[in-house]
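Protein chains: 2
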Amino acid sequence: MRVPSRAILLNQLEAVFQMRGYEGATLTQLAEATGLGKASLYHHFPGGKTEMAAVLLREAVARLEQQAFSRLSGSQPAPERLAQFVAGFSDYTEQGERNCLVAVLAQGSAAEIHGNAIASQFDIWLRRLAAVYEETGSRPKRARREAEALLASLYGYLLTTRLLADTGHFRRGLKRLRKTLTD
Amino acid sequence: MRVPSRAILLNQLEAVFQMRGYEGATLTQLAEATGLGKASLYHHFPGGKTEMAAVLLREAVARLEQQAFSRLSGSQPAPERLAQFVAGFSDYTEQGERNCLVAVLAQGSAAEIHGNAIASQFDIWLRRLAAVYEETGSRPKRARREAEALLASLYGYLLTTRLLADTGHFRRGLKRLRKTLTD
DNA sequence: GTCTATACACCGATAGAC
DNA sequence: GTCTATCGGTGTATAGAC
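Protein chains in written order, with the numbering used here: chain G, 1 to 183; chain A, 1 to 183.
Hints are supplied without guarantee of correctness; some may be wrong.
Here chain G is said to cover these stretches of chain A; the calculated rule only asks that three of the stretch's residues, wherever they fall, bring their Cβ under 8 angstroms from a Cβ of chain G [stated by the list, open to error]:
| id | segment |
| --- | --- |
| 1 | 94-108 |
| 2 | 145-154 |
| 3 | 164-175 |
Keep in mind the hints are simulated off the structure, nothing from the lab.
Note that beta-carbon positions come from the ideal geometry of N, C-alpha and C, so glycine has one too.
Construct the complete structure from the given sequences, taking the supplied hints into account.
Right under this line is the structure:
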């Protein structure tokens, strides 16, 4: 396998933060998940947990962009692009199996560091979604509300899937959501 | 003041758990928020953080029942009752200012203790919501999906409101949601 | 680049005086 | 019912050998 080992390492670390949250992820758990010793983690991330979270956050935003939001700019009709975006979001979360790190890092003490960056990133995303809704004929204000409703639904399904401990809930919910978008 | 001081104490503790999460809420912070010493907290909750979380969870479920779900059983038309339920949920979260403790305790290490109870409680809530949707003419399967979509939207708005750091987002979203229910 | 061993702060929790 | 003082354990982080 010629997969950059750095990517594997980041994926393993991300899994711990997703499951335990920022405060809940201890260096012992992060070390176990990666198969490295604590000191070795500090070789890769001299800044410790703080740096890990910062790197993983940038990485998560980039992946969301690539897998979901990039599908908003295409040649298909606007509703079809929105449905593709929802499908991309599902891919990003691995069909609801994994949480979104952006949401994870917006809570607790991590929010004090990353809160502003996350808030402005979400506003950018909402503008892009709203622009697509405007193509469907909605006026700016209404388009913004529709964009907000869509993101709330996506993150809502992601959250309630955890509350219900059932990823089938996520898959069915997003399927339904895609259908309402293309009707 | 003739307000039961126990209620004030619980409210102060709940605020810390809501803002910092279960792991993030330290005894030092809990003590500071209540104006008590750590040892005094152990007088009220001999089981420590574990007991606080358990008591607060029961209390939160009871308040959700009282403020939101109880409005599903009334004499008005089903859509109107659903809108009332949404309004009650808004009250419960103080218009998005405060997070839902049930959602907070479904994450990290607290999930290992309370996860099962939370999952079955949410299933009960979904059944009650689905029953109301059935009154509007939806078949059981569809009613269940509509119930899931409604809860996902509510908790989604609560989450994205935190991501955006803007409670106006929550108020507008729920207003919009109520409107779609009664149309 | 990985390890063992360790430093030191803070965590949850308890003892015991008042 | 509240406090101060303190315990043992674990958290993050570092030193230094290999």
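Numbered hints the structure breaks, given as an ascending list | The structure conflicts with no hint, since it agrees with every one listed earlier.
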